[in-house]
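Here's the letter readout for the chains.
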Amino acid sequence: MTARPNTPANTPPSAPPKEETSASRGASWLREHSELGVSLMLFVLGVLVLTDALTMDVDITQRGPVGPKTVPIVIGIGLLVLAVLLSLDVLRGGRGESETGEDIDLSEPSDWRTVLLLAGVFLGNAVLIGPLGFPISGALLFWGSAYALGSRHPSRDPLIAAGLSLFTYFIFNNLLGVPLPGGPLMGVI
Amino acid sequence: MDSLNSLMDGFGTALTPMNLLWAAIGVLLGTAIGVLPGIGPAMAVALLLPVTYGLEPTGAFIMFAGIYYGAMFGGSTTSILLNTPGESAAVVAAIEGNPMAKAGRGAQALAAAAGGHFIGGMIGTILLVVLAPTVASLAVDIGAPDYFAIMVLAFIAVTSVLGSSRIRGLSSLLIGLTIGLVGLDQMTGQQRLTFGTLELADGIDVVIVAVGLFAIGEALWVAAHLRRSSGEPVPVGRPWLGKDDVRRTWKPWLRGPLIGFPFGAIPAGGAEIPTFLSYVTEKRLSKHKKEFGKGAIEGVAGPESAASASAAGTLVSMLTLGLPTTAVAAVMLAAFQQYGIQPGPLLFERESELVWGLIASLFVGMVLLLALNLPLAPVWVKLLRIPRPYLYAGILFFAAVGAYAVGGEALDLVILLIIGLIGFGMRRYGLPVLPAVIGVILGPAAEQQMRRALQISDGSVTGLVNTPFSVTVYAVIALIVCWPLVRKLVPGRRKQDEETKVSV
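The listed protein sequences derive, respectively, from chains F and A.
With my numbering applied, the first sequence covers 12 to 200.
With my numbering applied, the second sequence covers 3 to 506.
Honestly, the hints are just simulated from the structure, not real lab data.
All C-beta atoms in this analysis are idealised placements derived from N, C-alpha and C, irrespective of residue type, glycine included.
Certain hints may be false.
Unchecked claim - Here chain F is said to cover these stretches of chain A; the calculated rule only asks that three of the stretch's residues, wherever they fall, bring their Cβ under 8 angstroms from a Cβ of chain F:
1. 14–20
2. 431–440
3. 449–461
Said to hold, decoys possible - Per label pair, the in silico range of CB-to-CB distance:
4. A:Leu140 / F:Leu134: 48 to 54 angstroms
5. A:Gly198 / F:Gly48: 25 to 31 angstroms
6. A:Leu481 / F:Asn185: 52 to 58 angstroms
7. A:Gly244 / F:Asn185: 47 to 53 angstroms
8. A:Val381 / F:Gly188: 30 to 36 angstroms
9. F:Gly141 / A:Leu348: 39 to 45 angstroms
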């Protein structure tokens, strides 16, 4: 999974700046240093972990010299330190190498529309699985994801989605004994 | 002799019709998954973790082991026929295998790879049978400080050896450790990072983390950069080897495991380095040096054998010490935890039937692999034509099934998506995924062992280093941490290292 990329090139997320206005320069600087967002995330996570650890009220339940606070505090401090180190690395020109793979084409910029669509479809499944049951929400998940990824077969896509969803439902629910919600559809059958 | 008897009992377990079926399913599923672009063995095992809820442990692990070996073979098939290695272990197979396929010798390349996997796996598994009980009996007295030392070793090794940046590796590890903190403290019941919610009190299930990082993260990352034009696989017939080919491959087949097995057993060794070392070795020893780069069969046979043997080596440290050295081993360790089984020195005593059944099934699986893969190769190639939207929609679909099956809660699906988005970001910014997964799986256990050790020593830090075993492990850790400095002092070694990086 963590294969060293074969291509030396990183993702070039930004084209060379065309205009030299300060606004566009600022934007392109940010885009080039977008990895600082990772540092920010580590920092926020560190603060979160430390706050949680320090506000913990440990009473008599503590057994042994090391209580439930110690490890979170160490991890929290570690996160803060790494946030600083990573920022320094990025500002010095260090870049994480984007992961490559069989179906990955890094020469194109990230396709955010597809990612957001997929995330939306996935969330939709989380909301619908309760009221509609797995067979319907699962089929919608597959169909929606395939659509988001560029499949445009008006009859084949939903048929495959429905078949896969029903098949999986029976395998898990009836053969493996892992219960999935049947929903109204299974109530009818 | 004792282990031979146990192995015989193991065959008794592995050859029951049900377990034979699981081995066959695992091998077929593994090969299919390995051939399919975008799904690595770790993702496959992660996606299949939910079946452990309905399956007894022996059958589940026999299936997982089959997937592991099968996926390695499948990965090299893709490498050879499409020149796009999906698994890091299969990178080398493409160097010689693809030119062979293009020159019309694809059948021979596949046969050399299959033979390599069979022989490498066999030798590796025999070494596993011989070594594992010994290692386990040596380690049987180890206590809390030793366990803690081993886990620290896993953390350090996985962040230092993998990837190009230690800062990013450590960041990934700490993200994993943070996720591992969520829930009730195991020793005091104190709530940590639960924000008062009841749902988070049980912690975030390892299955959800593994599926989120490996499956959702990968699917989203591919979706953002989906290659619109996929390469065409080179058509191929049934694999076979002529007499000349056999004369050129049998030595590389036997040499591969010697390189692969030890690397599999050491933390973060994996299959990437040994396959490359094996390639270099074969190139040096070959009588057909000129053919290298244009399709030398030795360059397929040796590395593939090394890759397969490294998988067996991985199992040695996973089963005897509970130390996962690769992503697949990490996910398998998570599966052990699902069953409440702790891999380690005592595993061979407590779960002797399970372990020996698993080991025996490796031999069975290897035979199945060879018997199935040679005739089925043309069928596997057809899998490469699956429309990508269906493939990645399917990954998302099964990820959702798995996460929901954990506890039947819709909230788990939301957590899964969030972890998937973290996995996406990690791929984008070059944070390796494996340290995070290891952090989640081993983090809570490491904390517990450390606190237990300090409890025994009444708070004195010497309680962590008061056994010869733990001192040895910390010495190894020091060596790994100082390795970059050592490498700078030895110039010749470094140059060779850079050479390897350039040519891979």
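Contradicted hints - numbers only: 1
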